[in-house]
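Those sequence lines, one after another, are chains A and B. Using the numbering used here, the letters of the first sequence correspond one by one to residues 276 to 389. Using the numbering used here, the letters of the second sequence correspond one by one to residues 14 to 128.
You may find that some hints are simply not true.
[Claimed, not checked] Mimicking DSS-like on lysine-lysine, the simulated pairs with C-alpha atoms at most 30 Å apart in a straight line are: (1) LYS311/A / LYS332/A; (2) LYS22/B / LYS311/A; (3) LYS326/A / LYS345/A; (4) LYS70/B / LYS345/A; (5) LYS331/A / LYS345/A; (6) LYS22/B / LYS70/B; (7) LYS345/A / LYS334/A; (8) LYS311/A / LYS331/A; (9) LYS332/A / LYS345/A; (10) LYS326/A / LYS70/B; (11) LYS311/A / LYS326/A; (12) LYS70/B / LYS311/A.
Hints in this document: simulated from the structure, not taken from any laboratory.
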Amino acid sequence: GQQVMQIPQYQHVQEGEDFTTYCNSSTTLSNIQWYKQRPGGHPVFLIQLVKSGEVKKQKRLTFQFGEAKKNSSLHITATQTTDVGTYFCAGRRAGGTSYGKLTFGQGTILTVHP
Amino acid sequence: DSGVTQTPKHLITATGQRVTLRCSPRSGDLSVYWYQQSLDQGLQFLIHYYNGEERAKGNILERFSAQQFPDLHSELNLSSLELGDSALYFCASSPTVFARNTEAFFGQGTRLTVV
Numbered sequence: 276g277q278q279v280m281q282i283p284q285y286q287h288v289q290e291g292e293d294f295t296t297y298c299n300s301s302t303t304l305s306n307i308q309w310y311k312q313r314p315g316g317h318p319v320f321l322i323q324l325v326k327s328g329e330v331k332k333q334k335r336l337t338f339q340f341g342e343a344k345k346n347s348s349l350h351i352t353a354t355q356t357t358d359v360g361t362y363f364c365a366g367r368r369a370g371g372t373s374y375g376k377l378t379f380g381q382g383t384i385l386t387v388h389p
Numbered sequence: 014d015s016g017v018t019q020t021p022k023h024l025i026t027a028t029g030q031r032v033t034l035r036c037s038p039r040s041g042d043l044s045v046y047w048y049q050q051s052l053d054q055g056l057q058f059l060i061h062y063y064n065g066e067e068r069a070k071g072n073i074l075e076r077f078s079a080q081q082f083p084d085l086h087s088e089l090n091l092s093s094l095e096l097g098d099s100a101l102y103f104c105a106s107s108p109t110v111f112a113r114n115t116e117a118f119f120g121q122g123t124r125l126t127v128v
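Construct all of the structure, not just a fragment, from the sequences and the given hints.
What follows is the structure in structure tokens.
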């Protein structure tokens with residue numbers, strides 16, 4: 276079945292440092308979404324990428340979708356303590372019949388030290 | 014507030030018991046997804062319902078079952094509970110299933126503790 280791998284599992288940074296998490300799918304994706312889960316909270320949608328090679332920015336966050344639509348990355352510039360949480364990528368498999376199945380990566384837990 | 018309501022928030026039960034988790038999707042959303050999140054684990058997809066019909070199944074145990082009712086709320090039934098079933102169970106909803114641009118809106122989750 277489809278697998279979505281995310282690395283690293285944990286990342287500890289000093290406030291002001293940059294942070295990147297990577298997501299790789301075993302199958303081609305129709306789109307990829309990114310979610311953030313604060314400690315004790317629930318996943319909250321950040322963004323969706325649909326096109327091959329797409330790059331989107333949200334303030335200090337930059338999201339990329341690979342040319343082959345099998346990988347993605349999230350980069351945070353100059354982290355702040357408010358960035359703490361777990362970042363998940365989630366992909367929908369291209370084609371097939373399970374349109375509703377959104378497969379999540381294991382997540383990257385980001386800790387920011389002030 | 015995502016608009017997705019899950020009850021109860023917390024549940025403590027003994028091994029071998031059966032529980033029902035309830036989810037009310039956002040108004041107008043036809044799709045309901047169930048996910049299991051164990052400690053320090055990612056979100057494991059369990060099952061997806063669209064307008065009352067099962068549309069996709071993940072690694073859901075045979076002891077688990079779900080349904081979506083005509084009013085679109087959904088219930089996840091967990092039976093013969095084991096210690097390893099202790100986890101956070103999330104419900105998410107989205108407007109449709111076939112459209113590309115559909116994000117999932119998550120509820121606050123039900124924390125199940127099996128003792």
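Cross-check of the supplied hints:
Only pairs whose Cα atoms come within 30 Å are accepted, and LYS311/A paired with LYS332/A is accepted, the gap being roughly 15 Å. Pair hint LYS22/B plus LYS311/A holds up; C-alpha atoms about 20 Å apart against a cutoff of 30 Å. Between LYS326/A and LYS345/A, the direct Cα distance comes to roughly 11 Å. Compliance with the 30 Å bound is thereby established for this hinted pair. Proposed proximity of LYS70/B and LYS345/A is supported: the alpha carbons are some 22 Å apart, at most 30 Å.
Of the supplied pair hints, the one linking LYS331/A and LYS345/A holds, its CA atoms being roughly 17 Å apart against a limit of 30 Å. Between LYS22/B and LYS70/B the alpha-carbon distance is near 24 Å, which keeps this suggested pair within the 30 Å criterion. At roughly 25 Å between alpha-carbon atoms, LYS345/A and LYS334/A fall within 30 Å of each other, so this suggested pair holds. Between the alpha carbons of LYS311/A and LYS331/A the distance comes to roughly 16 Å, so the proposed pair stays at or under 30 Å and holds.
Pair hint LYS332/A plus LYS345/A holds up; C-alpha atoms about 19 Å apart against a cutoff of 30 Å. Annotation: proposed proximity of LYS326/A to LYS70/B holds, straight-line Cα distance about 27 Å (limit 30 Å). This hinted pair checks out: LYS311/A and LYS326/A have alpha carbons roughly 21 Å apart, not beyond 30 Å. For the hint pairing LYS70/B with LYS311/A, the CA-to-CA distance comes to about 24 Å; that is within 30 Å, so the pair holds.
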